[in-house]
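Take the sequences, apply the hints, and build the full model.
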Amino acid sequence: MTVGAQFAPVYLPDEDYTEDEDTETIDVNDDDYVVVDVDDFIEKVEAEIAEEEAQKKEGEAGDAGNAGEAEDAEDAEDADEPETIQRDSFLSFEEHTDSVLCVAFNPSKNSQVLTGGQDNRAFLFDYNHPEQKRELAGHTDSVCAIAFNTAGDLCATGDMNGLIQIWRTANGKLVASLQGPEELEWLKFHPKGNLLLASGNDFSVWTWMVPAADSLTILSGHTDIVTSAAVAPSGKLLVTGSLDNTLKMWQLRSHELLYSVKSEENNWHEGGLECLDLFATNSLAVSGARDGSVKLTNLKTHKVLAGYKHSSSNEDENCSVEDVAFNPVFHWVASASMNSTVMVYDYQTSCVRHELKHDGGVIKLAWHPNGIVLVTGCLDGCVYLWNGRDGSLIHKMNGHTDMLLNMDVIVKGKKTYIATVGDDKTCQVYRVDF
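Going by UniProt numbering, the sequence shown opens with residue 1, and the numbers climb by one from there.
Just so you know, the hints here were simulated from the structure itself, not pulled from any lab data. These numbers were taken from a predicted model, which means no experiment stands behind them. Where a beta carbon is used, it is the ideal one built from N, C-alpha and C, also for glycine. Keep in mind that a hint or two might mislead.
[To be verified] Dumping the calculated DSSO-like pairs for lysine-lysine here, alpha-carbon to alpha-carbon at most 30 Å:
#, residue 1, residue 2
1, Lys300, Lys262
2, Lys412, Lys133
3, Lys303, Lys236
4, Lys412, Lys173
5, Lys192, Lys173
6, Lys236, Lys262
7, Lys133, Lys173
8, Lys414, Lys133
9, Lys415, Lys425
10, Lys425, Lys357
11, Lys192, Lys412
12, Lys412, Lys236
13, Lys173, Lys109
[To be verified] Derived DEER-like restraints, expressed as beta-carbon distance ranges:
#, residue 1, residue 2, range
14, Ser313, Ala137, 41 to 51 Å
15, Leu216, Asn314, 42 to 52 Å
16, Val175, Thr401, 29 to 39 Å
17, Lys109, Leu174, 14 to 24 Å
18, Gln55, Glu317, 54 to 64 Å
19, Pro369, Leu305, 18 to 28 Å
20, Asp141, Ser220, 16 to 26 Å
21, Asn398, Tyr259, 40 to 50 Å
22, Leu305, Gln251, 14 to 24 Å
23, Lys414, Leu216, 41 to 51 Å
24, Gln348, Lys412, 28 to 38 Å
25, Gln179, Ser392, 45 to 55 Å
26, Ala212, Gln348, 40 to 50 Å
27, Asp316, Ser283, 30 to 40 Å
Take a look at the structure:
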C-alpha cells in the first residue's frame, strides 16, 4: 500500500525585479529655513512620538481583534466541515449509542456478527447486508458478555444485572431468558453441545442446558472473580482461572473439582489470573496473570513446566497479561500485556522469540491457522498483523477513533475477517487475504 502526498506549488518573486522611482530636484534658499526655539522643538517632537505610539497601539489592538475574528471564523468553518476518519475496515457498524463492549462472529456463518454495548443493546447483523440488522432487545443494563454455540443456530447475550437471553440466529427470536450472576465476566458455550457456561461476581461458574434452560448447576470453589475458562479437547474437563490466583480443573459430568494449581506451587503466578488457553491436542494449559507472568502447566501431572514475564523498568506501569494463545502449528505461545507488548515464547526451547511493541496496551490476540500470522488488538484503536516467524509488522490497520475494547477473528478459506468494537460506539469489520 502506497500513501502519497501532493503539495501545491509555491511561487517566488523574480529576484531581478525592481520598482522604478522618479527623482524630483528641489531648489532650497534661505527663506525655506525656519528658526525655532530648541525647547519648543523638543517638546513638539516628544508630543509627536507619543501620538505615534498611541496610534500604533490602537492599530495593534485592531489587528488582534481582526485576527481573533478571523480565527473564530476559521474555527466555525472547521466545525461545519465533517471530520475525515481514516479507516482500513470495509464496514463501520454504527447503531450503538454508547461504548461497544463485546463482539463475536457466528462460527458457522462467518458473515453474521453479534455485538453488545454499554447502551443496554445487542445487535445481530450480516456484514454483507448491515442494513438488515436485528436488535436483540430486553436488556436493562450494559450487555457485557455474548456467545454463539458451535452450530451457530443459537446465541446468548448477558448484561450486568445477570439477565441472559438466548436467541435464534436465523430470525432473532428470543427462545429463553435466564437469571445468572450479576456483573457477568463471560459467557461460553460447550464446543460440543448447547451447554452454556457463565461467571459473574459470585466467584462461581453457572451452567445450563439451552434452550430448555434446565439443569442449572453451579460450580463453587473459587474465592474471587473467575476471569476465564476453557473446555478441554475431550469435552469432559473444564479449566477455570481466577483472581484468587488459582487454576482449577472440573469434571463437567459430575461437577467435581479435580485439582487446583495455586500460589503454593513452585514457580506459580504472584498475581491473580486474567486469561488462559488450552492446547487443542494435548494436556497443556497456558495462563496469564496481573503480575505480568505467563505459565505453562501440564494438566495431567499438575506441574508448572515453564514461564516468563512481561516487565517494565517503571514500577508503576501496568504489566497485566490480558490474553494468551497457543500457536496451532508451532511450539509457540503468545501473550498480550497492558505494558504495550506482545511476547512470542517458544516453549520447546524455553526462550522468548520476539517482543512486539505496540502504541498502547494490548487486550486481545489470535493466531491465524497457518501458524505464521498473529493478529493483535490494541487500546490505541488499531489492529496489528505480525509475522510470528521473524517478528516483523506486516500491517497496522486503523478503524477506531477511541479505545478498542474487544476483538474477534474468523478465517474462511484465504480470507481472514476481523471484528473490533470500542469506546467510539462502533464495530469495525476488516478483511485480509492471506
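Checked hints:
1. For a cut-off of 30 Å, the pair hint linking Lys300 to Lys262 stands: about 15 Å separates their Cα positions.
2. For the proposed pair Lys412 and Lys133, the alpha carbon gap of about 22 Å is at most 30 Å, so the pair holds.
3. The suggested pairing of Lys303 with Lys236 holds, with an alpha-carbon distance near 20 Å, which does not exceed 30 Å.
4. Among the hinted pairs, Lys412 with Lys173 is consistent with the structure: their alpha-carbon atoms are about 27 Å apart, no more than 30 Å.
5. Distance restraint check for Lys192 and Lys173: the Cα-Cα separation of roughly 23 Å lies within the 30 Å cut-off, and the hinted pair is therefore satisfied.
6. Of the pairs offered as hints, the one joining Lys236 and Lys262 holds, with about 22 Å between alpha carbons and a cut-off of 30 Å not exceeded.
7. Proposed proximity of Lys133 and Lys173 is supported: the alpha carbons are some 13 Å apart, at most 30 Å.
8. Note on Lys414 and Lys133: the hinted pairing holds, with a Cα-Cα distance of about 26 Å set against a maximum of 30 Å.
9. With a C-alpha separation of about 26 Å, the suggested pairing of Lys415 with Lys425 holds against the 30 Å cut-off.
10. Taking the CA atoms of Lys425 and Lys357, the gap is near 26 Å; set against the 30 Å cutoff, the hint holds.
11. At roughly 21 Å between alpha-carbon atoms, Lys192 and Lys412 fall within 30 Å of each other, so this suggested pair holds.
12. This hinted pair checks out: Lys412 and Lys236 have alpha carbons roughly 28 Å apart, not beyond 30 Å.
13. Of the pairs offered as hints, the one joining Lys173 and Lys109 holds, with about 17 Å between alpha carbons and a cut-off of 30 Å not exceeded.
14. The hinted range of 41 to 51 Å is satisfied by Ser313 and Ala137, whose Cβ atoms lie roughly 50 Å apart.
15. Restraint check, Leu216 to Asn314: a C-beta distance of roughly 46 Å satisfies the suggested window 42 to 52 Å.
16. Take Val175 and Thr401: their Cβ atoms lie about 37 Å apart, and the range 29 to 39 Å holds.
17. Lys109 and Leu174 have their C-beta atoms about 19 Å apart, which keeps the hinted 14 to 24 Å range intact.
18. Taken as a hint, the range 54 to 64 Å holds for the pair Gln55 and Glu317, whose Cβ atoms sit roughly 59 Å apart.
19. In this structure the supplied range 18 to 28 Å holds for Pro369 paired with Leu305, their Cβ-Cβ distance being about 25 Å.
20. Checking the proposed 16 to 26 Å range against Asp141 and Ser220 shows it holds: the Cβ atoms sit about 24 Å from each other.
21. Taking 40 to 50 Å as the suggested C-beta distance range, the pair Asn398 and Tyr259 conforms, at roughly 45 Å.
22. Evaluation of the 14 to 24 Å hint for Leu305 and Gln251 yields a pass: the beta carbon distance comes to about 23 Å.
23. Restraint check, Lys414 to Leu216: a C-beta distance of roughly 43 Å satisfies the suggested window 41 to 51 Å.
24. Under the hint 28 to 38 Å, the C-beta atoms of Gln348 and Lys412, about 31 Å apart, fit the expected range.
25. Evaluation of the 45 to 55 Å hint for Gln179 and Ser392 yields a pass: the beta carbon distance comes to about 49 Å.
26. The beta-carbon spacing between Ala212 and Gln348, approximately 45 Å, falls within the hinted interval of 40 to 50 Å.
27. A beta carbon spacing of about 38 Å between Asp316 and Ser283 agrees with the range 30 to 40 Å that was offered as a hint.
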